[in-house]
Each structure stands twice: as structure tokens, then as C-alpha cells.
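Taking the hints into account, I'd like the entire structure generated from these sequences.
This is what each chain is made of:
Number of protein chains: 6
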Amino acid sequence: MSRVLWINPIGTSKFDDAVRAELERVKRPDTEVEVRSLQRGPQHLEYHAYEAWVVPDLLTAVIEAEREGFDAAVIGCFYDTGLRAAREVATRIAVAAPCESALHIASTLGDSFSVLVGRRKWVPEMRDNVARYGYRDRLASFKVVDLGVHDFQVDPDLTRKRLVAAAREAVDSDGAEVVVLGCTIEYGFFSDLQAEIGAPVVDATVAPFKYAELLADLAGLGWRPSKVGGYATPPSGELEAFGLARQLATAASKEAATTSFGR
Amino acid sequence: MSRVLWINPIGTSKFDDAVRAELERVKRPDTEVEVRSLQRGPQHLEYHAYEAWVVPDLLTAVIEAEREGFDAAVIGCFYDTGLRAAREVATRIAVAAPCESALHIASTLGDSFSVLVGRRKWVPEMRDNVARYGYRDRLASFKVVDLGVHDFQVDPDLTRKRLVAAAREAVDSDGAEVVVLGCTIEYGFFSDLQAEIGAPVVDATVAPFKYAELLADLAGLGWRPSKVGGYATPPSGELEAFGLARQLATAASKEAATTSFGR
Amino acid sequence: MSRVLWINPIGTSKFDDAVRAELERVKRPDTEVEVRSLQRGPQHLEYHAYEAWVVPDLLTAVIEAEREGFDAAVIGCFYDTGLRAAREVATRIAVAAPCESALHIASTLGDSFSVLVGRRKWVPEMRDNVARYGYRDRLASFKVVDLGVHDFQVDPDLTRKRLVAAAREAVDSDGAEVVVLGCTIEYGFFSDLQAEIGAPVVDATVAPFKYAELLADLAGLGWRPSKVGGYATPPSGELEAFGLARQLATAASKEAATTSFGR
Amino acid sequence: MSRVLWINPIGTSKFDDAVRAELERVKRPDTEVEVRSLQRGPQHLEYHAYEAWVVPDLLTAVIEAEREGFDAAVIGCFYDTGLRAAREVATRIAVAAPCESALHIASTLGDSFSVLVGRRKWVPEMRDNVARYGYRDRLASFKVVDLGVHDFQVDPDLTRKRLVAAAREAVDSDGAEVVVLGCTIEYGFFSDLQAEIGAPVVDATVAPFKYAELLADLAGLGWRPSKVGGYATPPSGELEAFGLARQLATAASKEAATTSFGR
Amino acid sequence: MSRVLWINPIGTSKFDDAVRAELERVKRPDTEVEVRSLQRGPQHLEYHAYEAWVVPDLLTAVIEAEREGFDAAVIGCFYDTGLRAAREVATRIAVAAPCESALHIASTLGDSFSVLVGRRKWVPEMRDNVARYGYRDRLASFKVVDLGVHDFQVDPDLTRKRLVAAAREAVDSDGAEVVVLGCTIEYGFFSDLQAEIGAPVVDATVAPFKYAELLADLAGLGWRPSKVGGYATPPSGELEAFGLARQLATAASKEAATTSFGR
Amino acid sequence: MSRVLWINPIGTSKFDDAVRAELERVKRPDTEVEVRSLQRGPQHLEYHAYEAWVVPDLLTAVIEAEREGFDAAVIGCFYDTGLRAAREVATRIAVAAPCESALHIASTLGDSFSVLVGRRKWVPEMRDNVARYGYRDRLASFKVVDLGVHDFQVDPDLTRKRLVAAAREAVDSDGAEVVVLGCTIEYGFFSDLQAEIGAPVVDATVAPFKYAELLADLAGLGWRPSKVGGYATPPSGELEAFGLARQLATAASKEAATTSFGR
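Protein chains in written order, with numbering that gives the first Met the number 0: chain A, 0 to 262; chain B, 0 to 262; chain C, 0 to 262; chain D, 0 to 262; chain E, 0 to 262; chain F, 0 to 262.
Check each hint, because a few of them may be wrong.
[Stated by the list, open to error] Subject to a maximum C-alpha distance of 27 Å in a straight line, what follows is the list of computed DSS-like cross-link-like pairs (lysine-lysine):
{"id": "1", "chain 1": "D", "residue 1": "K26", "chain 2": "F", "residue 2": "K120"}
{"id": "2", "chain 1": "B", "residue 1": "K120", "chain 2": "B", "residue 2": "K160"}
{"id": "3", "chain 1": "D", "residue 1": "K226", "chain 2": "B", "residue 2": "K120"}
Derived by calculation from the structure, the hints in this document are not laboratory data.
Structure representation (C-alpha cells):
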């Protein structure tokens, strides 16, 4: 049995119910799912400054989740915002993120993949992540569908049409064998898409969630982020001294205690 | 519920029981484990010619497993012998392999890793695989412990001693944050090892098995090897025409039918 | 004439005077230097969570500096913390950072370089940056001198001794032709060091400052971060709507108005 | 004087005469050419499972050739099927393969090259080989002409037309300076092709054959595959014990003795 | 105050005045600019043999400049012709070159860049340089405008039109965020160009000149090419013994003395 | 029958006889060997400025050789000095060079190699070449034996001792499976060396010579450097106009006519 927390690292609970519904559909029978978003902050993370503004609260949410006994947390943004720091502050809880998980999975399904993103703006940071994760040579292309995060679910038919067109081009012209959806809010389309194009389409919501279930299992074997180097956790005394523990308390966990995180 | 078949791709059932015991210990409650080895062939795969000689029977075993309704098969050799061809011939069953799985997992646990292998002989092919999987820049080192496949379980104290020494050097001198055991027959040591060195030690038997459980789940979502390119499956008529179907029948599956595969 | 702001992105002004003194020594005659630190936050950024916690205030400081008419800002941490987001929110001001600047310079001085860091902990993020900047093949080694950020200036003789020893090893054993100091608080040592080892030693404080002077000049030619892609600036209306403008006001700039930023 | 054996690693002698004719045309005066195919197995190797099925017999053929006093053997498939294992089992005979040889040669003729293949299916394994051989950055493109192995020689005019069109596009649009034919059965076209497009076209049959002549010479200088690591040869006793020597005898060499290998 | 020498490494002073005018416009107030060309040699360097023929005289010019007290020299060809050797023979003077400088600058302005060159011929050597400098993964494309070095300034409207078209395609279709002009004789266009396409356009004349100003400053801090390895300077006795010092005298500097270098 | 010219690109014929003797020993029966050096210039090419100074005369020698009907020329320096320009000016003659040839050969003999060089000074340019040729990931190490070009043949016992020690370390500690001698003047040692260390040792004189024989054969098939891009040959009219043809005549070929080139 695993308890997995999905964190939408944005200041709106707008997508929480839909994401939870998706995850309930694909979870193992004995996994318990919870979805939370932040108490404040931007409504999407298309800009890197927005990412920056949510990371402190995101880290608080991860620490909080660890204290509450969750086995894994998922960072719900395809930029994998704050993943390094989250694995640093976590001492027991597993942390998964969409890009890393989706690429690991995609790499077992085909030689090369394309990522379908909303805006050209997103490409540079994502391409850096693709490279950092080791998949630069497997990247067939980024395809931009010209939709913002908040557009994907507004007119599903339009979104589907654009995703299908982009996926087809990826497979037919760019040599992709696998398609990866490059935003967690592109949820709900992958099944139709892969039926239509005849190639696997890895979903940015399902992939990290299933990976989180795996990582939670593995944490039980002692396979948790190594603390000998980059993921070494800050000394707790220092957190106090720097007022960060208090900030955490104020900014996120205490609020969470009174208002209940997310929904 | 998933049924996972572990294949020791060697002509001896010597390690089957021990591997099964390891897997039983780490499987999900609702996973069913079976372990098989081949009816013929070399007793280990340290040489690439030996790998070559077992792949036809290994592929037969994978096809057989698919027909028997297994959800996933694991290729039990850290060379990931025959992985590409296995994903090609499989149409429904998921296929996992040690090196790929272990590196995916290790990459979520730390910045860089060392692989503990038995012989220098093994390094070139494994290093090529590390590079193909995208992890060349994460590879801290290969450490050779000078033990053959059949030596690892003969004197567990000696093996443990050598593995600890090599792992220590990897972490202290080579900058590894994670240690990967580079042979499936190095089973049974990872828990002690990671306790002793204070860094995660990814086991070559447990890692692909847990990954196989994941891939089996994902196959249910339609995330199976893409058939638009490199993993396209041979046309069945051609298999007949070339006599490969019959060869399969003779060489492996029919034998398997009479003598029972594996144990 | 250029006005350059050095930002120590930590919640202490402890190093401000010394850094200013260093910069005054190396600035062009017509450059105006100012050094600021943050009103709150951790005293150093060795942990990635600390980095995360300071970035919002750091971005506020950059925006603030742009409004105040500075031509360039330097992010005073060798992790190049928040560089991508800073170039995103900046529309006119140039932003430089230590690792990027130091490596650009080092690459003109020799074939390969070593980076002298305080802790092993720092290596993974820095190595990722080295790779992102394109210098992975030029990296001879990271050398760890086992000193924390706050240790470097406590006992200068000890620090010098350790830096000399590490630099020597880098040049003599690791093949480095150039040495890079991997922390801005390693200031004050490079001249002695390079005299002693007979190879250039690039300082993490001087390098980005001189680079900032260059980038300020170039901005005058219209060579500012491209807004067609990854560095596109958030729409100001959205900043308002998301309460980030206000958060900025509260967290940083307004405070800064009353208490004076930095010193 | 060198004796070179070309092995068509497929269960048909259909192409043997034509290949021999090609090689006779380009061989050094004092080279002796022989062409053989296998006694059984698939008629082409477009599928990786087919590759797998032929490798044991291919290795047998190489060992056999070494015993018969050949100086070099060529593996007649652009996947370079079994090359690593062939160099492992060989102790005296040199082994060449089309992709490796063609890329070495192409790299001396121009900055970048395109490979003309029959099917998209072939690309992933070949691209992995291109990368392993070090030429990923020199690869301009793979061009797919939509012809199977057995189609190339059926309607030479159609084949020529498609190859010319693909080669033109490679040179004019993809930036290729050199064209490489990515299948040994694309023999007979390179001269016309290079005359027509005005750039060198490296043939997959001629290239490895000429390279084999070179490697045979070099073997005479002691430049044979290094036995200190990955190419270490299996101990002969072990081959006996594992029944592989006998399998060899049955599967290939004895048959070869009675029926004469190849034609 | 810095004295910077721009060297047009060709046997014509045709472009000297125009280049000087460009540099005067962008130099720091206290920089002194001089422009020289060679006494003999080809009129452009599109061919690598031409590059080869000018390097001895170019090196002589650099040594000469060092003796005359210049602080920096710029090699005025986007191939960065002779850069390695120039840094080798220089002991005090800083040496900058267009491609290296432009890419360093471009990399601070955006994720990826395209280089606008005159001829396809130029691409291979330039791409090798891009790779050597570490920017292969940042290279969006080379765009060929089909103009020779001597064509760029003949019909500025035609040149502008072609550069705009190529730059637009680079930004709109190839994903470039920054455009780099790949020939020093493409001077005079970058301001218009960047206004028109809305993305920074790095000029091959301005970039290395501004970089030279920086490098001159840095040389004052002791940051000169490292002499412990690849940039070690030939022993002066040897230069005499080999007659190179005399050749220098004859071929270039003495001539320069009588006829005055450059203009 | 092939006529191959070995060019020692230095201003001394000191090594010509010994090199010719080596080549005579390894040539094909029907190959004709000639060895030449330059009429002027430095006695070795350890410095890049020396390389620069000889390239014009080297190119003249290549053009001359083409006119005289040689089938191939070898550039006798492991820096592969002037190789790009030589292939540019050549229209019929094949050009080989030591580093490129030796690495192509070494890559067929083992997974990784070490290069034994005289001075640390040589490493950066050679490492850049190794990377350009695609072998960076196959490079185990450079080993410096602290001997200059002119030292290698002075005390053969000392040289042999140092080379053996370095080769041993390469194989035993650095993981090299193959050793490459990184200077043409390290001739005469490879046979003893490989006997002693038990791994192939690729000689920098023999390797490019044998490769030249191959390339000469291939040129006969039309496989000559592609003239569609980087190797396009300068128009002959332009050579006249720029006075380079005359320079050639003066500097090298005419002199050669009267004094006989080389010996």
C-alpha cells in the first residue's frame, strides 16, 4: 500500500479534481491518491519566474507530505520544477516529476520521441532537462501546438485536433517512434491520440504518477536519494537559524493545517 | 495483478530458486513470479559469443511467455542481451532488462553512479549500453572485483568483502553517489552493502523485476514498444517461410512443453 | 559609464563590503559599483532548498535594479542561482553570473580547467551547469577543499594552503591548464594562487563582474536576451493578477524602500 | 596475398554470385575472394530477431574460415550483425563489417554523410551503430527509399531512381557531402550514382571488402583485436563443456564440410 | 586605456577603413583602435589553403603588435584562423577571434543560435569550431545566403534582403533565438537586422572587438593564456635556429617596417 | 600499383631514410614509396606556430605530388597538420594522416585506447582531433613520456623503457585495450612494445601509410574528397590572381625541381 500525493504547484485548485480523477483511473488498487495545490502563487508556470516563486511553497508541501506519512510526491509540472531541491529536503518520501518519468518510460518504448508543448517559450528549459536526463540523442523534435496551459482543457476538440496534427507530423516527418505530452494539463488525451496515430503517447500526468508508485516501492528497499553528495539534506538546526523552518510554517504548512491543502 | 517471468538466459537452472526467492521477497502482493532458464546453452554469458548463442532460445522463451499470458518478462543478464530483438518480437508482453532498469532507477537517486562488475572483459559492452541509454555523463566508473559469474555465490563473505571495498572506492574516490551491481548473480548483497557504505546500492535482480512490474502496468495503458519503427514485429508468414517458427518449436518451446521450461 | 549591481543572494550583508572592495579594485574607471544582499533568507546557498528560497527575492532585486537604472546585475553565487529567470524578467538590464562568466573566460585561457569547490555537495549542480554551458569536455576535475562558504575567509592562511594544494593537483595530475575558483566567497586569493602555481586562476567574483561590464556595453548595442523564446518576459498584467507584483512589493522591494537594500 | 571470405549471413545463396562479381572487380590483384552464405536461416536480416537467429551460424562460419586459413572475413550486413562477438571468437582472422568500414571511409571524404536505407525500421539500430562508431555528429540524415532487401535488385531502374532522388535530397537539403548506401544488397549502383549527383557514394559491399584487405594486412603486423578486455576469447575447454563446440559442429561446420558452405 | 589591433588577415587593405569606422562607433571611450591587413596573400579566406597561406604572416603581425605595445589583437576572420597558434606565440597580448567571441556572447542571449554564412563551403570548418567551443547543442542551423566575402558590401540592399530572409527562417523555422553573422565582412547590417526580426543579431566584427577589450582588461589581472600546456610558447632560441625569426623579419615585420602595416 | 609519398613536413631530411626503411618493410609488394621533407622550416612541429609555418610548403608538396602522379600522400605529423587544406587542394591524390588513420585502425582493435605522446604541450590539439574524429568516448588517456620529437631516436633503450612503462599503465590502470603511438618519430618500437605488453600498439608511421594505400585504391573507385562542400578546391584563376601559384612555385616546387625535394 502506498500513499501518493500529487502536487499541482500553482495557486489554484482548478485542475485538482480532474487530475485526481485521471490518477484514480490508473492507480494500483492499493494506492491512495491525494491531489493538492498551493495556497498562493501564479495560476500556471509557463514563466521561469513563476516557477521560482512557487518552489519554496512546493518544498514546504513536500516536507509536509513526508511528515504526514505519504510515500511519494509528484511535482505536477513538466519543467520538473524544484525536483533537485525536493529530493534534497526529502529524507524518506520519494519524489517523481513528469519529464524525468515520461522520458524514462518513452525510452523503453521506442528509439526516439517528440514532445508536444504548448508554447515555444517552454522549449529551452525542457530541452536542457532532456539533455540532463541523458536523452538529447533520442529527442526527435519539440512540436509547439500554440496553446497555453489554461487553454488545453477549454475546448477539448480543438486541443485534440492540434495534438493529433502535431503527433502525426512528429511520427511521419520527424522520425519519432513515441510521442510525449509536454504539460501535465494535457491530461485526458493520450488514449485517443495513440489510437489515432498508431504509436504510444506518454501522458505527463499518468507517467510520473505510475513512476511515483514505483519509487515508493523502491524507497522501501532503501533506494532513496543518496545523501553522500548533491542530495545531502540541510542540517535542521540551520533551517531554524535561518528562519526557513518558520517561513515554511507560516507560508505553507500551518496554513495548510487550518485550511487544508489543496481542495 | 501481474504475472512476471524472470528468464535466466543460460543453460542451467542453478540460480533459478535463489533468484525466485529474491523476487518473492520484493514483489508486490498481487504479482505472480516465475523463473525459468534455458534447456541448453552456456552456463554464463561472460562472452559475447555465449550471448549470441542464447538469444534465439531467449526470444523463443519471450514469445512463449507472451502466449502463456505473462504480462512481463525480464532478461536476466546485465548485458541486457537480446533486449532490442525481444521488444521487436513481443506484441503484448512487456520486456525489462537489468542495465536499463538499474540505470533509470539510479539516475533518480543521485548524480552519478559506479557499476561493480566481475571482469574487465564485461566493461566495453556494458559501457556501450550505458552510453546508448544516455548515462555516459553520469557514469563515475566501472569497478572490477575479479570474480566470475559463478564465483559470486560460492563464498559470500569474500564476495561481500570485495563488493564493499569496490563500492567504498567508488563513493570515496570516483565521486559515485549511487552504486549499481553489474551482474544479476550479485544478488543478495545490496542491503548489507548499502547499510555499510551509506549510499544506495541498486541490485541487478531486483531493479529490472520492479521495473517489469511497472512496465506491465503501463502496457495496460497501451504503452507498449512502438511498432512504427525499430520495434516493428516480423510478419508471421515470413517467420513460417524462413523456418524460424519451426526452429523455435524445435529448439525451445516444444522442448519446453515436454520437459517444462526452467526448473 | 556603467552602473553594475552585485547581489549577494543571501540574507546577510556580511560579505558586502569585502566584495565591493574587490570589485572597486578591478572595475573600469567609469564603472559604478554597488553591492547588495537580501533582507532575509539563509546565510549561504550550499543547499538547493536555500537557493530556492532566495530566488523570488533575488528576482525582485533584479527588477528593482532595472527600475533604478542599473546597467547590469551580477548574481553572486557560483551555482548561477536563478540566472534563467533573471534574464526572463529583465527587459533592459544585463545579468551576469559567476560560473557562466568564469568558464567563458577560462576557455580562452587554456584547453581544460578544474573548479575548486568547498564541498562535494556542490559538485552535481555545478557539473550540470558546466555541461549546459558547453564545457563538459573541457572540465579536468572538480577539487573539493572541504571548507564551507563561511569558512573561506575565517582563516585565510588555511584557505590559501588548501586552495594551493588543490590547484597544484589540478594542474599536475588532472591536466588542468586553468583553475577556476568555484565560490564567490573564495575572493581575495586568485592573485597569490596564480603566482604560486604558474597558471591562470579565474576568480568567481572578478570574472562575472568584468563580464557584467561587457554585457552592459553589449546591451547598448541591442544585444539583450532574446524575447522570442525561453527568455520571453511574463505579461505585466498577469504578474498583477497572480499577486506576484504585490508579493514582490511585500517581500522585497517595499521593504527595500524602507530599510534600504543590501547594506 | 590475402584470402578474404565474404559471408552473406542469410539462409540463401541468392546474392552470392553477384556479390562475388562485385568484389572480383574491386579486389587487389593478389587477393582471393570467396563468398558464402548460411545453410539455414532467414532470407534477409531486416528484423533484429532474424539477426539474432543467424549469429551463431555466422560465428561458426567465422571460426571455420579462420581454420581454413582465410585472412579476413566480412560480415555482409549493414547492421554489422555479430561484429563484436566475431572479433571475440577470432584469434587470427580479421573481421570487417559494412557500417564500420563505410563510415571510416566516408569520414575521410567529407564532413558529413547521409545513409540511404530501405526501411524506416532499420534506422534505430543503425543510428546506434553510427553513434557507437563515433559519427553521430557527422550524420546528416537517414533517407528511407521504401524498398526491402529483396527489392533492390528486382527492378534496377526503379532502385536507381529512388537512390538518386534520395541522394540528391541528402546532398542538397540535408547538407551531406558524402552518401553511404546502407544495405549490402544495394550493390551495383554506386558508380552511376556518384556520377549523377557529383559527390562520392560509398558502397556497402565494396567498402568493407576493401577494409578487410587492409585489416588482413594489419593483422600481419600484430594489429589484431586486443585480447586484454572486451574481445577476450572464450576458453576452449569451456566451449566444449557448454556443448557449443558440438553445436557449432552440428549446426554449421560439419554441414559445411559435406555440402560446401555457401553456394 | 587599451590599444586594440584588428587584423584583416588578407592581402588587401580594402576593408580596413570600413572596419575601423565600425569599431570606432562601438569602442569604449578610452580604447584606441587600429586596423591592419597583410602585405601579401589572398584577398579573402574562403578556402582553407588561403587560411594556411596567411597564418605565418598573421602570427608575425600578432608578435609585432605585442612588441608595439598593443593590449589585444583581433583575428578578423570567422574561421578564427590561427587562433591557437596566436595564443601560443603571444606572451602578453590578448587575442580574440570572431566565432569564439560571438558564440560566447550569443550563448548569454538565448538558448540557441543560427549562423548566417556566405557559402556552404564554409560550414564544415565552422561547425567544427562551434563544436570545439562547446556550442554544438546550441546550434540551430547554418543558413547559407550564397554570397562570397567580396559580395557582401557590393550591393548592401541585396545583402540585407538575403540576411533578413535567412535570419527570419532561422528564427521562425529552425528555432534560433539568436542570429550570428558568420563573416566579418557582413559588417554594418546587424542593427537593421535585429530591428527587423525582433531578435538579437550578433555581429562578427563588433563581437570579437568588444571581447578583445574585455580580454585586454583581464590580461591585466594575469588572466593570460596558460603556458603550462597547449599554449606554451616556442623557446626563442629555437625560433632563431630554425630561421623562423628571420623569416618573420623578411616575410612580414620588416616589410611592415618599410611600408607600414595595413593601410 | 600505387605510388605513395610520405612527407616529413619539417625542414630537415634527418628522418627520411629511417622512415623510408620502415615503410619499405610494411608496404604491399606493388606499392612504390617515396619520402620527402621540406626545403626549409622548423626541425619539428611541437609548436603550433611551427605547424603554421610549414603548411604552405606542405600544401605545395601535396600539389606537386599530385602533378607528379603519386596516388597518395601522407602528412607525417601526428597533429595531422594541414589535413583539411590538403584534401581541399587535392583533386586526384589521396591524403592520409597519422592521427586519423591510427584511430580508425585502433577502433577496430579494441574498445578504448591511450595515446603515448612526448610532451603535455601536444595534448590539447591532439585531444581536439580525437574529438573531431569521433573518438572522444574511446580515449582512455594521453600518457606523456617527457621526450621531445628529437629525443625518441637518440637513446632507443630509454625510449623503449619509457614507452613500455606508459603503455603498461595505460592498459593496467587507464583501461586502454589498444595503445597508439602519438608521434611519427616514435617509429621502430611498436613490435617490441606490443610483444611486451600483450596488446596491439598502433604505430604512427605504419598506420597512415597503410591507410594511404587503401585510400589510393579507393580513389580509383571515385571515392575522393567530396567537392560539394568543405573540400571544394580553390578556383585556379584565383590562385594566380592572388599570387599563390607563384608563391608555390618559388617557395617549394621550383626549388624542388632544382634541388630535388627531400633527400
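Check whether the Cα positions of K120/B and K160/B lie no farther apart than 27 Å. 21 Å, holds
For the pair supplied as a hint, K26/D and K120/F, is the alpha-carbon distance within the 27 Å limit? 43 Å, violated
Given pair status - K120/B, K226/D, alpha carbons within 27 Å: 9 Å, holds
The earlier numbered hint that this structure contradicts is number 1, and it is the only one.
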